[in-house]
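Using the hints, build the complex out of the two chains.
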Amino acid sequence: MILDWETFLTFVPLLVQGAVTTIELTVLVTIFGFLIALPVALARNSESRAARAFARSFIFFFRGAPILAVLFLLYYGLPQIPGIKDSFLWHLIARPMPIAVLALSLNSAGFLAEIFALALRNVAVGDIEAARAFGFSRVQTFLRFALPGAARLCMRPYGNELVFVLKGTAAVNFITITDLIGAANQIYFNTFDPITPLLVAGAIYLVFALLIVTTVRYMERKLSPWLFLKAALKEAKA
Amino acid sequence: MDWSLFLPGATGWGDELAAGLWLTLRLGLASVLIGTGLGLLAALGELSRSRILSHGLAAYNVVMRSVPELLVILLLYYGLAFLIMALLRPFGIDSFIEVSPFWAGTLALSLIHAAYASEVFRGAFQAIPKGQVEAGLAFGMSRFLVFRRIKWPVAFRLSLGALANLLMTTFKNTPLVSAIGLQDLIRAAGDAGQNTKLYFQFFIASLIIYLAIAALMQIFQMRAETSLYAHLRRGPSA
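Going down the list, the sequences are from chains A and B. Each residue of the first sequence is one higher than the one before, starting from 10 at the first, in the working numbering. Each residue of the second sequence is one higher than the one before, starting from 5 at the first, in the working numbering.
Not one of these hints is a red herring.
Computed footprint of chain B on chain A; a stretch qualifies when at least three of its residues, placed anywhere within it, have a C-beta under 8 Å from a C-beta of chain B: (1) 68-77; (2) 86-92; (3) 178-186; (4) 196-205; (5) 208-215.
These aren't lab readings, by the way, just hints derived from the structure by calculation. The structure displayed is predicted, hence computed values, not measured ones. Beta carbons are placed, not taken as given, at the ideal position from N, Cα and C, and that holds for glycine.
Only chain B is shown next, with the shape it has when bound in the complex (with noise of 0.2 Å):
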């Protein structure tokens, strides 16, 4: 096998897979931030006494996980831009306006990972003892104090496992963003397999990074874990 294929330069594709990593990367990890604090936001707003507030965000949790990403993805980049030019048209612009692929790819992404992260809080914050929030409110802490000083670090330690398999979720759907005409990482490697005919090479060099960052995030959340849960391991602690 020619490694040379791999390597940076007019001749090689290194240069073009590195930067269809670099928008994986960028893209994953937006979406990822994004649809975690959306999440959070739908999870608090679940539990809310509201009951419109609480049914309406169950309901967008079953749909957006009951529909396909990639429907998702392409409703939100022919949607939005449409959206947009409907509400416009009224003040008299008649122009074209086109979305960027990568921030509706992003906040397609954000919605689906904010439906699944938004369960996953909801469950913690319900395991939180309720003991542990009435000794607080009846020490006097204001009910944000409670929140920051005992659900939410509670609740994050219960979420993580769960958060962090949410993550690997998200970077495998960012593939799906190539249908609205991003460079990503498997879009590169296409490229490079369809001018050189190799595309065993290249798909699975892009299949091989894809497990290196689902491996690397493995590690990172058996260590978070350990830290975490420092307290719960057992054995003679030094």
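Same shape as in the complex, but just chain A (with noise of 0.2 Å):
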């Protein structure tokens, strides 16, 4: 009952159909993950202990709970706040895609924002004492020392975690969003073959998740070069 080709060259629109769904979920994903965990991030740093407080809690809540139970609760419990169906953020969210999207970036950013707040904490004492000694304000201190500093060091976690939010975006079959899991299940249905479709899609999502993964590298070569020299002398020797 194995698939034979010609059949499953038919279903390739509709697999590359859920292979777009899931590029398009990965990266508004990553941006919004991004957006949230940051500010997080500086409260999680913060002097002010309420903003600290926030914070922990905010990391601890989208850490600790699983992306389906969260997603659950805002595509199924949402519209039963009273009033809220009234609203004009409703009319902005109410579909499933914006909700597949908070509650993956919410997971996201509970995962980010620790990474993000550690790298921030473990710039260099000397580099941000150095920028305000000559003058540059807090802001540009923050924007030009802190900020650069913290994004090579936390490249590599940032790079695993964008695997996980690739991951992650599977949860969308529950809401009914077809992804590229979902373009393999319509598949199934249709030829009685699991096998075949699935192993495709797995084989698109290693492939999503090596680019990822080679991305994140090169930026970090980028970013920090002096840390590859010595490959890259070995390389040019040999």
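Structure follows, in structure tokens:
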């Protein structure tokens, strides 16, 4: 009952559509996850007790909760809040896609905030002091010294988290969105062969993940070339 | 809010939720135990002298860490039955075979857990100071005794923190098994929500339970670390 390739080819458009949805979700969640995580990371390192407490509970909540639980709570639970259906915001998000992006971004932000906060704390104190001594304002110091310094430190864990974002998008299958896995499932229902479509989908996920990892490695190399000096010299000699 | 909804009995959903929680706990625990064991074996295989074994296992880790958990669960659930049926057909057995969703789910989560755990163990084994192992061998210990008395205790201590994080990750993956029809906690909450139209309350309740599990694990991790690292603690000893 393994699918022959001719039949399989007729389903390629469906798979492509699913793959596009998966990419779309991954990109959107990467962007929104970053935008949510950065202020939380700053709050996590802030001098204000209240801000720190908020950031800690945010991180605990979204790191500890399964993605599906958050997704279901927003998808099924939000419409129950009295008055929400009359609000402007509701018309903006009351579809599966925005809800999915919101839930996945919050989940990712929980992990990212901790990564960013740790990296920001570990930027060399001397760099910051030197910048301040040279008369850079606090904002300038942050943008020109702390942020790039932290970016260097958190590239590796950030790359891992992006792979988790890619894998996490699979949860949208539970709220009627057809992504790569959904497409594979539909091919299964039409052909009674579950193995071929799922294996093909798995191979596509693998390619996406490798792309993410390679891109992050490349950026790491660009951001801190001196770390790769030894390897480059070896290569040049050989 | 009507709290009697959470009581057991014909009108409340307490017993359904409890049964779902019990399934989640059994599934998570079985996956973690099997997965950690497999991960340890895989790490030893990766560190072995056989190049085929170590490269094969490394490739397995990359694939398992790049593909969504949901895909692995579906592939094993559908695929195992297909595989068994295909293997039996040459023997004239043409019956329909169904794989238990619980064990398919457990196997899927274990295999994923093993991929991450083997990376943790491999790192830990590589971090053991060589001198300790050489000293053991010089004292005439057998390879097995060196493993049991020196390598394993040190490696376990080094990997404990990462293993505890993996434990949490695998528990957070358990809701995905509701895709293959298992009545876990999130599914029970969903059923209760559907019947009462009170999704919000039931999903919040399930979230609180998941977060409580996460919090308990963190406390357990901290306890275990303080007792295992007792010799590294600074300060006056009793």
